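A.B. asks: Turn these sequences into a full structure, and let the hints steer you where they fit.
Number of protein chains: 2
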Amino acid sequence: MSTSEFKQAPHKLLVIPGPIEVADEVLYANAHPSMSHVSPDFVPVFGDSIRMTREVLITKSAQPFLISGSGTLGWDQVASNLVEQGDHALVLNTGYFGDSFADCLQTYGASVRQLKAPIGGTVPLADIETVLKSEKFKVLTFTHVDTSTGVLSDAHAIAQIVRRVSPETLIVMDGVCSVASEEIQFDDWGLDVVLTASQKGLGTPPGLSIVVVSERAIQVYQKRKTPVTSYYASWDKWLPIMKAYEAGSAAYFATPPVNLIYAYHASLQLITASKQGPSLQQRFALHKEASRRVKEAGAQLGMKQVPLNEREAANGMSALYFPDGITASDLLPRLTARQVIVAGGLHPAIRDKYFRIGHMGISVVDKQRGDIDKVISSLQEALQEARASKK
Amino acid sequence: MSTSEFKQAPHKLLVIPGPIEVADEVLYANAHPSMSHVSPDFVPVFGDSIRMTREVLITKSAQPFLISGSGTLGWDQVASNLVEQGDHALVLNTGYFGDSFADCLQTYGASVRQLKAPIGGTVPLADIETVLKSEKFKVLTFTHVDTSTGVLSDAHAIAQIVRRVSPETLIVMDGVCSVASEEIQFDDWGLDVVLTASQKGLGTPPGLSIVVVSERAIQVYQKRKTPVTSYYASWDKWLPIMKAYEAGSAAYFATPPVNLIYAYHASLQLITASKQGPSLQQRFALHKEASRRVKEAGAQLGMKQVPLNEREAANGMSALYFPDGITASDLLPRLTARQVIVAGGLHPAIRDKYFRIGHMGISVVDKQRGDIDKVISSLQEALQEARASKK
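Top line first, the protein sequences correspond to chains A and B. As numbered in the UniProt record's numbering, residues 1 to 391 make up the first sequence, in order. As numbered in the UniProt record's numbering, residues 1 to 391 make up the second sequence, in order.
The set of hints was computed from the structure by calculation and includes no laboratory data. As the structure is a computational prediction, the values presented were derived from the model and not from experiment. Incorrect hints may have been included.
Copies of the same chain look alike in the list, so a pair counts if it works inside one copy or between any two.
[Said to hold, decoys possible] Restricting the straight-line Cα-Cα distance to at most 30 Å, the calculated cross-link-like pairs of lysine-lysine (DSBU-like) are:
no., residue 1, residue 2
1, 116, 237
2, 374, 391
3, 391, 353
4, 243, 12
5, 138, 237
6, 353, 237
7, 243, 353
C.D. replies: Here it is, written out as structure tokens:
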């Protein structure tokens, strides 16, 4: 059968902050007949996926790595390739994922200092500046959108401070929940690493670790004094592979996830090929519009946002406190009954007090699907029903 | 649409030693609509995949790990969880993959000794015994089927020697190219780790690292004196996740490759559910039969096997030298023209002198497909044509 004949099975609407709804053509590509990973038919698909990844991050010269693994593998890549025993790392912590990134850095020998934001907040820029002046850090990491809280960090402002105060510090951004749903100007902002995964804004099933590295960071890695401390995550192994595939020839270190690369390629074509749909800039605008609609609807229903400051709320997801007197078990099963799947809380300190809605990818870009309308009307109905049941 | 309506696109017959041809129902499962990794609908699919993995390896109590990644990630799991700085590892090297496993073990601090077999041969059992008596090894590793040479090691005999001579040494088998195509009696033979990947005998697209660990090896890991040296490959992170999913509840460390787990589940159902097809033992017999047919056809065409000893040749693949006067460029394009994709040589020392044919999974189990007939007739025709062109 052909791609135009394939329709995915009927299913509940998945609006968690990843995995997200995936287009039929992307799922059909994931069902591609088996192909050799060194086939001349597959090589350009891999090469084009590398090139289109650059387009999404608006970078000319950074080096993408596409490796079989969860987004988490990106942390290992950063920690094992860029950090040497005893190097100092500064982690800006805006939730669950900052804790974990710090844990990963320590596993590979980093001396980690954390600046912890209050729940729903970000680390004040002035604090970052003070700490950068007091100590020399090899890397600074932050989470662009913390999936646990929906907090959006100001990546551009953070990068400006680092470049001004501590120009040699590498700027590492965890963009797992932001790439392709939030604007990222990799080159213009002077980022060094953006790591992400396939199953959120990039609209592909999970299983692909995507890491993009600046020329400066590649040089730092190449000047290491000690060997890379991971095998599977080692750029010694993967850099020649990525260069080979992009240049149009195959090379082998480990078998790539061939079907998933086909799927990623199909999704990147939708994201970058402006002839078929919105441009990348229009895509970001559509995410902002959907986000505003969901957050306004939540506010009207008495749902306060977890992010403390409106300008620090993600556009690809919303983290909303339950209204007074309403619990998770009042609301979430009633959404499920309406075929709408949202996510519960994740941040340990407030886990039972809030829930999370993802609004990324085709659910916001393809308005004809009506996904955002469905989310909002289901929220309204479910809450009304929950309140009625309490009387 | 439903699974019975899905047919994969027409394509060339892929008979390399992995990835292999995949059944329509497995590809359809890979195109499953997006699901939450913590959905109550998905949890039992993950749990059953863990249980069926045990069935394939004929073990009651070993612990499977199903993690997003290439087969290579299994080496990192072994090296970072079971080996501590300075521990001694003995690598039985039967080709390309022995070299790489040794490299991985060294990355994580092992002191590695290698016993190298001649090309096409295995390490003599007496040599293994001598070395085990001379030095204490924390782990012994060997490649069950070396994908680069098609050499099959006698896993049972190796395990017997280790258990007799050095009972505390952990027996680690790289089964990437053997699981589900060669018989493996995990418990009876006393293996400690079998690591594999989804895209060979297990008949699933690539992207899943599958590692099965004995209770004894789990205890050795739990008694480590130093922390695990990887983050992404750490069983500290993954053991609670695997236990949770198998017990029927979700847990989170990193997002699993949800679609690929559905696909793996669908393939495991075909492999283990004897009502629908051959039993596991019949499956192994079918691999032997197909292997014999391919190797006999090769012999009749003047193609010598890379394995020096008939009893040490894999049943899931064949590595065949080109006949006298015939090169890769004479034969392989003529197979491609007949829609049959085989693999070139991989072992650096003989790379241009031989080629490899995979005969695993549905290509051998579903005889109605006629894949093995097609492979043999195409080999005969392509060679005849190549010879004629030389006259």
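A.B. asks: It remains to establish, for every hint, whether it holds in the given structure.
C.D. replies: How the hints compare with the structure:
Only between protomers do residue 116 and residue 237 lie at most 30 Å apart by alpha-carbon distance; the minimum there is 23 Å, versus 35 Å within a single protomer. For a Cα distance limit of 30 Å, the shortest separation of residue 374 from residue 391 inside one copy, 26 Å, qualifies, whereas the shortest one across copies, 72 Å, does not. For the homomeric pair residue 391 and residue 353, the shortest alpha-carbon distance inside one copy (21 Å) is at most 30 Å, but the shortest distance between copies (81 Å) is not. Only between protomers do residue 243 and residue 12 lie at most 30 Å apart by alpha-carbon distance; the minimum there is 27 Å, versus 40 Å within a single protomer.
Taking identical chains as interchangeable, the C-alpha atoms of residue 138 and residue 237 lie at most 30 Å apart whether they share a chain (23 Å) or sit on different chains (26 Å). In the homo-oligomer, the alpha carbons of residue 353 and residue 237 lie at most 30 Å apart only across protomers (26 Å), although the nearest pairing inside one protomer, at 45 Å, exceeds that limit. Taking the shortest alpha-carbon separations for residue 243 and residue 353, only the inter-copy value of 27 Å comes in at or below 30 Å, while the best intra-copy value is 47 Å.
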